[in-house]
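The lines below spell out each chain.
Protein chains: 2
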Amino acid sequence: MPFGSVSVVADLRAAVEGADVLADPSDLARYAHDDAEWADFADPIAVVLAESIDQVAATVRFAATSGLHVVARGAGTGLSGGANATARSIVLSLERMTRIVEIDPGERIAVAEAGVLNDDLRRAVAAHGLWYPPDPASHRISTLGGNAATNAGGICCVKYGVTRDYVLGLTVVLADGEVVRLGRRTAKGVTGYDLSALMVGSEGTLGIIVELTLKLLPLGGREERAVVGSFDALETAGRAVAEISAAGIVPSALELIDRTCIEAVDAWKGLGLPHGVEALLLARVDEVGAAGDALASQVAERMAHAGALTVERGASPADADRLFLARRLAYPAVQRLGPVLTEDICVPRARVPEMLARIQATASEHDVVIANIAHAGDGNLHPLIIAPEGDDAAKARAKLAFDRIVEDCRELGGTVTGEHGVGLLKLAGASAELSPRVVELHRAVKHAFDPAGVLNPGKAFPT
Amino acid sequence: MPFGSVSVVADLRAAVEGADVLADPSDLARYAHDDAEWADFADPIAVVLAESIDQVAATVRFAATSGLHVVARGAGTGLSGGANATARSIVLSLERMTRIVEIDPGERIAVAEAGVLNDDLRRAVAAHGLWYPPDPASHRISTLGGNAATNAGGICCVKYGVTRDYVLGLTVVLADGEVVRLGRRTAKGVTGYDLSALMVGSEGTLGIIVELTLKLLPLGGREERAVVGSFDALETAGRAVAEISAAGIVPSALELIDRTCIEAVDAWKGLGLPHGVEALLLARVDEVGAAGDALASQVAERMAHAGALTVERGASPADADRLFLARRLAYPAVQRLGPVLTEDICVPRARVPEMLARIQATASEHDVVIANIAHAGDGNLHPLIIAPEGDDAAKARAKLAFDRIVEDCRELGGTVTGEHGVGLLKLAGASAELSPRVVELHRAVKHAFDPAGVLNPGKAFPT
Numbered sequence: 001m002p003f004g005s006v007s008v009v010a011d012l013r014a015a016v017e018g019a020d021v022l023a024d025p026s027d028l029a030r031y032a033h034d035d036a037e038w039a040d041f042a043d044p045i046a047v048v049l050a051e052s053i054d055q056v057a058a059t060v061r062f063a064a065t066s067g068l069h070v071v072a073r074g075a076g077t078g079l080s081g082g083a084n085a086t087a088r089s090i091v092l093s094l095e096r097m098t099r100i101v102e103i104d105p106g107e108r109i110a111v112a113e114a115g116v117l118n119d120d121l122r123r124a125v126a127a128h129g130l131w132y133p134p135d136p137a138s139h140r141i142s143t144l145g146g147n148a149a150t151n152a153g154g155i156c157c158v159k160y161g162v163t164r165d166y167v168l169g170l171t172v173v174l175a176d177g178e179v180v181r182l183g184r185r186t187a188k189g190v191t192g193y194d195l196s197a198l199m200v201g202s203e204g205t206l207g208i209i210v211e212l213t214l215k216l217l218p219l220g221g222r223e224e225r226a227v228v229g230s231f232d233a234l235e236t237a238g239r240a241v242a243e244i245s246a247a248g249i250v251p252s253a254l255e256l257i258d259r260t261c262i263e264a265v266d267a268w269k270g271l272g273l274p275h276g277v278e279a280l281l282l283a284r285v286d287e288v289g290a291a292g293d294a295l296a297s298q299v300a301e302r303m304a305h306a307g308a309l310t311v312e313r314g315a316s317p318a319d320a321d322r323l324f325l326a327r328r329l330a331y332p333a334v335q336r337l338g339p340v341l342t343e344d345i346c347v348p349r350a351r352v353p354e355m356l357a358r359i360q361a362t363a364s365e366h367d368v369v370i371a372n373i374a375h376a377g378d379g380n381l382h383p384l385i386i387a388p389e390g391d392d393a394a395k396a397r398a399k400l401a402f403d404r405i406v407e408d409c410r411e412l413g414g415t416v417t418g419e420h421g422v423g424l425l426k427l428a429g430a431s432a433e434l435s436p437r438v439v440e441l442h443r444a445v446k447h448a449f450d451p452a453g454v455l456n457p458g459k460a461f462p463t
Numbered sequence: 001m002p003f004g005s006v007s008v009v010a011d012l013r014a015a016v017e018g019a020d021v022l023a024d025p026s027d028l029a030r031y032a033h034d035d036a037e038w039a040d041f042a043d044p045i046a047v048v049l050a051e052s053i054d055q056v057a058a059t060v061r062f063a064a065t066s067g068l069h070v071v072a073r074g075a076g077t078g079l080s081g082g083a084n085a086t087a088r089s090i091v092l093s094l095e096r097m098t099r100i101v102e103i104d105p106g107e108r109i110a111v112a113e114a115g116v117l118n119d120d121l122r123r124a125v126a127a128h129g130l131w132y133p134p135d136p137a138s139h140r141i142s143t144l145g146g147n148a149a150t151n152a153g154g155i156c157c158v159k160y161g162v163t164r165d166y167v168l169g170l171t172v173v174l175a176d177g178e179v180v181r182l183g184r185r186t187a188k189g190v191t192g193y194d195l196s197a198l199m200v201g202s203e204g205t206l207g208i209i210v211e212l213t214l215k216l217l218p219l220g221g222r223e224e225r226a227v228v229g230s231f232d233a234l235e236t237a238g239r240a241v242a243e244i245s246a247a248g249i250v251p252s253a254l255e256l257i258d259r260t261c262i263e264a265v266d267a268w269k270g271l272g273l274p275h276g277v278e279a280l281l282l283a284r285v286d287e288v289g290a291a292g293d294a295l296a297s298q299v300a301e302r303m304a305h306a307g308a309l310t311v312e313r314g315a316s317p318a319d320a321d322r323l324f325l326a327r328r329l330a331y332p333a334v335q336r337l338g339p340v341l342t343e344d345i346c347v348p349r350a351r352v353p354e355m356l357a358r359i360q361a362t363a364s365e366h367d368v369v370i371a372n373i374a375h376a377g378d379g380n381l382h383p384l385i386i387a388p389e390g391d392d393a394a395k396a397r398a399k400l401a402f403d404r405i406v407e408d409c410r411e412l413g414g415t416v417t418g419e420h421g422v423g424l425l426k427l428a429g430a431s432a433e434l435s436p437r438v439v440e441l442h443r444a445v446k447h448a449f450d451p452a453g454v455l456n457p458g459k460a461f462p463t
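Note that the protein sequences, when read in sequence, are chains A and B.
So the first sequence is numbered by full-length UniProt numbering: it starts at 1 and just counts up by one.
So the second sequence is numbered by full-length UniProt numbering: it starts at 1 and just counts up by one.
Rather than coming from a laboratory, the hints here were simulated on the basis of the structure.
Quick caveat, the model's predicted, so the values are computed rather than measured.
There's no promise every hint is true.
Said to hold, decoys possible - Below, in silico cross-link-like pairs of lysine to aspartate or glutamate (EDC-like), each with a Cα-Cα straight-line distance of 16 Å or less:
#1 B:K269 x B:D321
#2 B:K159 x A:D165
#3 A:K215 x B:D321
#4 A:K399 x A:D40
#5 A:K159 x B:D321
#6 A:K395 x A:E411
#7 A:K159 x A:E224
#8 A:K215 x A:E102
#9 B:K159 x B:E224
#10 B:K215 x A:D165
#11 B:K399 x B:D40
#12 B:K159 x B:E95
To be verified - Pulled from the structure, derived: some chain A residues nowhere near chain B, Cβ distances all over 10 Å:
#13 A64
#14 E95
#15 L271
#16 T310
Glycine residues also receive a C-beta, built at the ideal position from the N, C-alpha and C atoms.
One chain only, chain A, in its complex shape (with noise of 0.2 Å):
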């Protein structure tokens, strides 16, 4: 550590008093990246564990007039780089954030803290019959603050949405230390732009969530109906996908896992799934009574009119429950085989047959194995792209297969992030995605937030 920084700690100590400041080489190193393989990532210099929003707004305006810079973190989940640390920056977790401030039954708002897990605000509205839908895969561990921050998506959204559509208002710490609320408590409001839904998605480079004001909804008035099908080739579950929603139905949940997932996740937990099938498509309705029966059917009827080898309709809660797990369980199932590189890819749901096949094409082209998984439902794929630990000539293979599935995904009319953010990983696709102009408009916002450039930057937009 240069003698520098041993100065520059003592002084971010004084800053934020009461707050823990880390500088260990090795807690550096374990907050200098999120979940991301592969993204660059720098050891940050301090890490701040803020347990009030007074002691990130001192981190901020400490970083702010010492010309450090700023990278936010929750439960570093992320899956783009987001949060890896950059050269001189000090990384501000917020995971003891975790106060929920007030359910409100009435309203059906809480208010939680950033560093709140998405399980514990869910466990908690839920004693007063709410429900917060947001389900990212990573919902017993991720924080609300990293969930806003990344507008994560998850398994309900293709009936019930995303992040963004449950956060009414924000307070932020702005790039110089103030503090601003955003948005709104009430059903509605148009009280100037809409600088809450801006911050939502924006990766902490215009300012830190630190509170959230989130609309819920009732818990109550949903039957769960779960329908598995089992397919013998993945562009045949595309199918079943893209026709499931040209009949117009919207199911509460409508996932793939592929072959490669299925055994990767059997190998680990022993949890009997079905084998010698390419892929499984998970899908669940939730209307109560005889209406949500006939969408079931429906949906059965769709998974065996695209070709379905088998359909399970009315499989057993515990079935349902188990077969659902098994698609949580799917990402770290598949990274104890290997390093992995995600994809987040999000096509026309009418392209989600021909993407799959393009996936499997390119596994082949460029001899990497690609497992699958993916929120059918929205279109929303993620190839995993596996190679082996210390094999540098399948990495390389690995990036360009990377790079060539976004380049498919674009002439399919797709985006080349539909969850989980541009963070580092996406720069390149974004860069592709969004016109020279667009950029520029993002430059411009990003300049009137932060001119100084102080919060975490070079992500979530190409420069």
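Position chain B against the provided structure of chain A, taking the given hints into account.
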């Protein structure tokens, strides 16, 4: 008309070849303001009736290079003066851009030009089994572009959200005439900042929306049941709203009209509405089958429990349609009584009864007639302050009442505009609601998009 203007109009005509350019005094007067009573306006220099994106771009380029302003408008149904012409402005009407470019049932999206009427899109997508929910009271006559520029709400919001929730992507003409595409066509997408969400509700101050990519829902799968309660006091009706919300019920509509509105509609249209009651609550639920019956029962029980005079459940569809028609006609019916100063406050649902009581107290105190219509289920109230034509003293009292209502709404934790927008009428209210630093952020964002101040100056946020 000053001599200089003649040559400006000639130059403008040459610049926007093919578009009608109006400059007759009667045309200028007709396009000088929207439907907001009492907001300031000036005669524009000219009115361009654009028929293409190119003509919009040419108009903006002309204004930018001539030191003029552009005030874009759709049908001019706005209620806050957002489309009122200002000094040295060209009014740019998009009413002739009425092409529905694409309807994609598989993706459940529509692409339409900004001048398409809300109802025309609704009808067109219904033919494909699809539904475009946003339903401002003006849906028969207002345009999609205007709806998006103001983030229009409506009756469906309480369950189905506002215009922003249905805008996936936009084509926008920027302040120098360049055309950009923002947002996406896919179900999800987080590539860069959500500039599309920022554009929605920005009242033509950041760019001019010329084409919209809109999310649709399936048309079917809903069954409407109406519940109508009558009340002997506004506050009691408000209590029923708060109780319905506190019970975790999400109706598909929950509207209020008071005695003044009921009598004004009946005097105009003779619909045979109930007399001798102070307020009606019009509720709808749209769950199917037994679930719909159960929810309608709960709504009826809450109304009765709150103290309704009468509660009609399962009134015939014709009856329900008639009452909801009365809700839609209330605003024009009240306008027949004299110039109307339209409020648009939104308070937490639990505060609806108190807010209604305060509005009545304000009416007494300032000796003005205030009629009330409300998207009550959202806490979004529209007190309509009526002053007899030509009575300047009454007009002055009405303005005082307007300010008092805004103040009361803020005291109860509300926002000064729920769905009409800041325009000109709510600049003072917005100034009270937004902190100085948030206003400064607005200025910086405006500067990022429109550094020369070409677009709709002085609207949307206080300066």
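Comparing the hints with the structure gives:
1. B:K269 x B:D321: 14 Å, holds
2. B:K159 x A:D165: Holds: K159 (chain B) and D165 (chain A) sit about 13 Å apart, inside 16 Å.
3. A:K215 x B:D321: Not OK: K215 (chain A) and D321 (chain B) at ~30 Å, beyond 16 Å, violated.
4. A:K399 x A:D40: Within the cut-off at roughly 14 Å; holds.
5. A:K159 x B:D321: Since the Cα atoms of K159 (chain A) and D321 (chain B) sit roughly 29 Å apart, the hinted pair is violated (cutoff 16 Å).
6. A:K395 x A:E411: 25 Å, violated
7. A:K159 x A:E224: 13 Å, holds
8. A:K215 x A:E102: With Cα atoms ~12 Å apart, K215 (chain A) and E102 (chain A) stay inside 16 Å; holds.
9. B:K159 x B:E224: The hint holds at about 13 Å.
10. B:K215 x A:D165: Holds, at about 14 Å.
11. B:K399 x B:D40: The hint holds at about 14 Å.
12. B:K159 x B:E95: 29 Å, violated
13. A64: 15 Å, holds
14. E95: 22 Å, holds
15. L271: Check passes; 28 Å lies beyond 10 Å.
16. T310: Check passes; 25 Å lies beyond 10 Å.
This entry does not satisfy hints 3, 5, 6, 12, going by the numbered hints stated previously.
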